[in-house]
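Fit chain B to the known structure of chain A by using the hints.
The residues making up each chain are set out below.
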Amino acid sequence: MVMRRIIPVMLVEHHEMRGQLFPVVVTTRAFTDVTRIGDPASTARVLASQLADELIVIRRGGDGSIPFLEFVELLKRIAAETSMPMSVGGGVRNIEEAHALLRSGADKIVLGPTALQETHLVEEVAERFGRQCVVAAIDFRGSPDGPLAVGGEGRTAALGPLGKVLSGLDRRGIGELFLTDVDRDGSGRGFNVDVAKQVRDAISVPLILAGGCGRADHILDAFQRADADAVAAGTYFASRDQNQFQARALIANAGVLVRTSLV
Amino acid sequence: VSATLVAIVDYGAGNVFSMSTALSRAGASVHVVTNAAEVREGTSHVVLPGVGAFGHCLKRLRTAGLDEFLLDWVGDQRPLLGVCVGLQVLCRASEETPGALGLDVVRSDIVRLSAPGDRIPHVGWNTIRNGGPEAVPLKGFAYFNHSFGLREHRTLTDVRWCDHGGGFVAEARHDAVLLAQYHPEKSQSVGERLLQRFVQDPSAW
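Residue numbers (the working numbering), protein chains in the order written: chain A, 814 to 1076; chain B, 8 to 212.
None of these hints come from the bench; they were simulated from the model. It is possible that part of the hints are untrue.
[Stated by the list, open to error] Stretches of chain B that chain A covers, calculated by requiring three or more beta carbons in the stretch to come under 8 Å of a beta carbon on chain A:
| id | stretch |
| --- | --- |
| 1 | 25–31 |
| 2 | 122–134 |
| 3 | 143–153 |
| 4 | 186–193 |
[Stated by the list, open to error] Straight-line alpha carbon distances no greater than 20 Å define the calculated SDA-like cross-link-like pairs of lysine to any residue that follow:
| id | chain 1 | residue 1 | chain 2 | residue 2 |
| --- | --- | --- | --- | --- |
| 5 | B | K146 | A | S862 |
| 6 | B | K146 | A | L864 |
| 7 | A | K977 | A | V1008 |
| 8 | B | K66 | A | I908 |
Ideal Cβ positions, reconstructed from N, Cα and C, are used throughout, including at glycine.
This is chain A alone, in the form it adopts within the complex:
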């Protein structure tokens, strides 16, 4: 049986120090309110030693965005120091950029709202690299009329009802769905299990659930109650009081299949 996956997310952007720019891992709350965590390659090494099943690496947009070619070099540094499977994205504009990421350590390409809405990149990446290579990132917020897919900076622009946005997607050739509740991002108050459960039943590809992870039992909830194939988190992995081996033991002891040792 395939193991359920627990996946750290590394959001990276530029940070100025003594007049020089350095790439740095950050966490966010509701996709804003940035906290700096540390050097990407060192962070990745620590996460690898703590049994991360994969890594999601996202280049943040906006003022601090890392230029694409520097991001590629950063990715190579991470790949040279760890051998984790990596899903990589953030403002991927065309198939050449996707290919450059795959040549530099990425195994899958994360395509967000802009790429999904405004381009045929999903189809192009699937045609050339297979649909298992496409991770579709969909972000949503709650509303009186039910969950709304959102896009744009700070994820404030409504793109339409979540169910409608998803229904077109499954047919377009995606390999996984990376679903984030923006309202819960960085909150540590638990995953949105109710929405995830509905989404899980409506799609055929693996579901990676994100937004709200604060404790090991939140992860267990996502696996047991929403039947998520994987969970992803940023802030959770950045806080020092989380022991990943204990978290995995708790989840495994509840009868969920996860890796509990490095060998």
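Structure of chain B alone, referenced to chain A:
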């Protein structure tokens, strides 16, 4: 003793960097080639890495004239490693790209994995096992990411299986060709074991 000289074929199928890093860790001296002329003198092992779609990969191999090179290489009993789609292009055909012809070294067809109750693509860490009635999982996990696979075979030896909606070939040997449906370059101890085996002479496999 000088390091094994390995050529990684860059046929537009993704993760060349990860594969060369992993092979270097396994003690090989690695170079990347896009056609047969770039294969350095003294090269003893060739790798077909794999993040790609069946039809597109074969088109690229044929455009570069690498199909003939690979068939001659295999015909001479020289060591080759095919990973993921690199395994699949060595088969006869695939449901991923109907009508496209594989290199037909492994005379079997790649089929779409269908798994009621299980998700497709098959993504993540899974155990592999030997064939036979005991079917005990081997120690460690292998990392998979694929929608297609080899459900049956006729010519393979040393076959190890994985189960996702039924068994499929996870790892196997065909003369001097090693095949892995999982990604050894991402599979930690299980992957390192395979790559270390590969970079030796096939007589030691």
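Cross-check of the supplied hints:
Here's how the stretch 25–31 of chain B fares: 3 of its residues keep a CB closer than 8 Å to some CB of chain A, so the rule of at least three is met and the hint holds. Closer than 8 Å: that is the beta-carbon criterion, and the stretch 122–134 of chain B has 10 residues meeting it against chain A, so the requirement of 3 holds. With 7 residues having a Cβ less than 8 Å from any Cβ of chain A, the stretch 143–153 of chain B passes the three-residue criterion, so the hint holds. Three residues within the 8 Å Cβ limit are the bar, and the stretch 186–193 of chain B against chain A gives 3, so the coverage statement holds.
With a C-alpha separation of about 19 Å, the suggested pair K146(B) and S862(A) falls inside the 20 Å cut-off, and the hint holds. With a C-alpha separation of about 16 Å, the suggested pair K146(B) and L864(A) falls inside the 20 Å cut-off, and the hint holds. Between the alpha carbons of K977(A) and V1008(A) the distance comes to roughly 14 Å, so the proposed pair stays at or under 20 Å and holds. Restraint check: the Cα-Cα separation between K66(B) and I908(A) comes to about 17 Å, which is no more than 20 Å; the hinted pair holds.
Going down the numbered hints, you'll see the structure goes against none, and every one checks out.
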